[in-house]
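**Q** Each chain, letter by letter, is given below.
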Amino acid sequence: MSDSDLAPEDTQMTERTPFQWFLAGASLIASIPALILMTAHVGFAGFASENGVSMLQATFMVASIWALPANIVLIGAISGGYSIVATAIAVGLSSIRLMPMVAAFIPEVRGPKTRKRALLPIAHFIAITAWVVGMEKLKHVPRDMRLIFFAGLGITLTTVNTLVVAMVYWLSASFPPLVFAALFFLTPMYFLASLWGSAHDRSVHVAMVSGLLLFPLIHTIVPAYDLLLTGFAGGLVTMAYVRFAAMRSRSS
Amino acid sequence: MTWQSYSDWWWPYVFILLAGAFPTYIWRFIGVFIGGRVSEDSEALTVVRAVATSLVAGVIAQLILYPSGALAESSVYLRVGAALAGFLAYLYLGRRVIIGVVVGEAILIAGLLL
Numbered sequence: 002m003s004d005s006d007l008a009p010e011d012t013q014m015t016e017r018t019p020f021q022w023f024l025a026g027a028s029l030i031a032s033i034p035a036l037i038l039m040t041a042h043v044g045f046a047g048f049a050s051e052n053g054v055s056m057l058q059a060t061f062m063v064a065s066i067w068a069l070p071a072n073i074v075l076i077g078a079i080s081g082g083y084s085i086v087a088t089a090i091a092v093g094l095s096s097i098r099l100m101p102m103v104a105a106f107i108p109e110v111r112g113p114k115t116r117k118r119a120l121l122p123i124a125h126f127i128a129i130t131a132w133v134v135g136m137e138k139l140k141h142v143p144r145d146m147r148l149i150f151f152a153g154l155g156i157t158l159t160t161v162n163t164l165v166v167a168m169v170y171w172l173s174a175s176f177p178p179l180v181f182a183a184l185f186f187l188t189p190m191y192f193l194a195s196l197w198g199s200a201h202d203r204s205v206h207v208a209m210v211s212g213l214l215l216f217p218l219i220h221t222i223v224p225a226y227d228l229l230l231t232g233f234a235g236g237l238v239t240m241a242y243v244r245f246a247a248m249r250s251r252s253s
Numbered sequence: 254m255t256w257q258s259y260s261d262w263w264w265p266y267v268f269i270l271l272a273g274a275f276p277t278y279i280w281r282f283i284g285v286f287i288g289g290r291v292s293e294d295s296e297a298l299t300v301v302r303a304v305a306t307s308l309v310a311g312v313i314a315q316l317i318l319y320p321s322g323a324l325a326e327s328s329v330y331l332r333v334g335a336a337l338a339g340f341l342a343y344l345y346l347g348r349r350v351i352i353g354v355v356v357g358e359a360i361l362i363a364g365l366l367l
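Which chain is which? The protein sequence lines are G and R, in order.
Just add 1 to the spot in the first sequence (first one is 1) and you have the numbering used here.
Just add 253 to the spot in the second sequence (first one is 1) and you have the numbering used here.
Just chain G, same shape as in the assembly (with noise of 0.2 Å):
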């Protein structure tokens, strides 16, 4: 999935009408990315029903949610026996992780007169698939049609994963624990590999290098707040890193 399965920018696909674009985004859904992201659901599904969740409470979760650390966050609260109020917390801890996500997002797939109306809703199939292969596919696509293609992958990743859900429950489906363990690789597996392939320059990739190391460091020290400290230390160090390239090739 690295290469783009889109052609480039001078062929034929300026000509694409916005509903050629809105397929063309659907049609993602038989990448690699969203392959992993499925199997990553079954791994949810079965997680949620040893916790005594209903098929229909499950996939109104995937559904309304649509962030799968928020998911098990949940679902881990409401076995603990939380309150609402807690539980809302926890959840919102977890899902704060989004906020950088989208703002970094929203210049990538807004056109030139895109309304924040039609954003609102577009930020909800934001969530770290989507954003990873958006990050990649999106410079290749023309920025009128972003928004369009976008909506197409985000809503078929959403919808596919929410009956992937139910499929789980329907079929009772269970893999023995090898399955499962090479199941749950394949997400860090694939993010690690596409993450540093949608790079626009350098610093992303230090940003990057700086989390993966920073956080099992935090961890040990915050692991409350382990993601949100490894998001701002990283930018501190990237930004130092900005700054530092910058300064140099301005005195060379």
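Some hints here could point you the wrong way.
Said to hold, decoys possible - Some residues of chain G that are not near chain R, with every Cβ distance over 10 Å (derived):
| # | residue |
| --- | --- |
| 1 | L24 |
| 2 | W171 |
| 3 | S204 |
| 4 | F245 |
Unchecked claim - Per label pair, the in silico range of CB-to-CB distance:
| # | chain 1 | residue 1 | chain 2 | residue 2 | range |
| --- | --- | --- | --- | --- | --- |
| 5 | G | L172 | R | S321 | 20 to 28 Å |
| 6 | G | K117 | R | Y266 | 25 to 33 Å |
| 7 | G | R244 | R | R348 | 22 to 30 Å |
| 8 | G | M248 | R | L271 | 43 to 51 Å |
| 9 | R | G289 | G | S80 | 34 to 42 Å |
| 10 | R | Y259 | G | H201 | 46 to 54 Å |
| 11 | G | E16 | R | M254 | 49 to 57 Å |
| 12 | R | V267 | G | R244 | 45 to 53 Å |
| 13 | R | L346 | G | A225 | 23 to 31 Å |
| 14 | R | Y259 | G | I90 | 19 to 27 Å |
| 15 | G | E16 | R | A359 | 40 to 48 Å |
Think of the hints as simulated: they come from the structure by calculation, not from any bench.
Glycine included, C-beta positions come from ideal geometry on N, C-alpha and C.
Take the given structure of chain G and dock chain R to it, following the hints.
**A** Same frame as chain G, now just chain R:
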């Protein structure tokens, strides 16, 4: 009020909306407004992108170092080694994501079977 406070069929769905969907979407909502104010090629966008990328990298590290479920039983050295080998294979064997995933998975499965 907890998940089991009311036995009505609708209560779990209200619970999911209030304690799951709302506290998640609110951050996306704020993100749209912040993202609407930063222009492309500005330094602000580089900052936001760096923070977001480090966060996603943190999630990756979390999934590898502190996994839940079936993967939690395996050795951390095996997981880190498999991830590192997969990433190096991605970098040096033509930058194809699929190669990184296959190499990483192959080493993990081999290690689990041994």
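**Q** Take the hints in turn and mark each one as holding or not.
**A** Checked hints:
Separation of L24 of chain G from chain R is adequate, the least Cβ-Cβ distance of about 23 Å exceeding the 10 Å criterion. With a minimum CB-CB distance of about 19 Å to chain R, W171 of chain G clears the 10 Å threshold, and the non-interface call stands. Look at S204 of chain G: its CB is around 6 Å from the nearest CB on chain R, not clear of 10 Å, so calling it non-interface is violated. Listed as a non-interface residue, F245 of chain G keeps its Cβ farther than 10 Å from every Cβ of chain R; the least gap is roughly 14 Å.
Take L172 of chain G and S321 of chain R: their Cβ atoms lie about 23 Å apart, and the range 20 to 28 Å holds. The hint said 25 to 33 Å for the Cβ distance between K117 of chain G and Y266 of chain R, and at roughly 28 Å that hint holds. Between R244 of chain G and R348 of chain R the C-beta distance comes to about 28 Å, which sits within the given range of 22 to 30 Å. Checked against the hint of 43 to 51 Å, the pair M248 of chain G and L271 of chain R passes, with Cβ atoms roughly 49 Å apart.
Evaluation of the 34 to 42 Å hint for G289 of chain R and S80 of chain G yields a pass: the beta carbon distance comes to about 38 Å. Under the hint 46 to 54 Å, the C-beta atoms of Y259 of chain R and H201 of chain G, about 49 Å apart, fit the expected range. Between E16 of chain G and M254 of chain R the Cβ separation comes to about 55 Å, which falls inside the hinted range of 49 to 57 Å. Distance hint check for V267 of chain R and R244 of chain G: the Cβ-Cβ separation is about 49 Å, which falls inside the suggested range of 45 to 53 Å.
The beta-carbon spacing between L346 of chain R and A225 of chain G, approximately 39 Å, falls outside the hinted interval of 23 to 31 Å. Checked against the given bound of 19 to 27 Å, the beta carbons of Y259 of chain R and I90 of chain G, roughly 21 Å apart, stay inside it. Take E16 of chain G and A359 of chain R: their Cβ atoms lie about 43 Å apart, and the range 40 to 48 Å holds.
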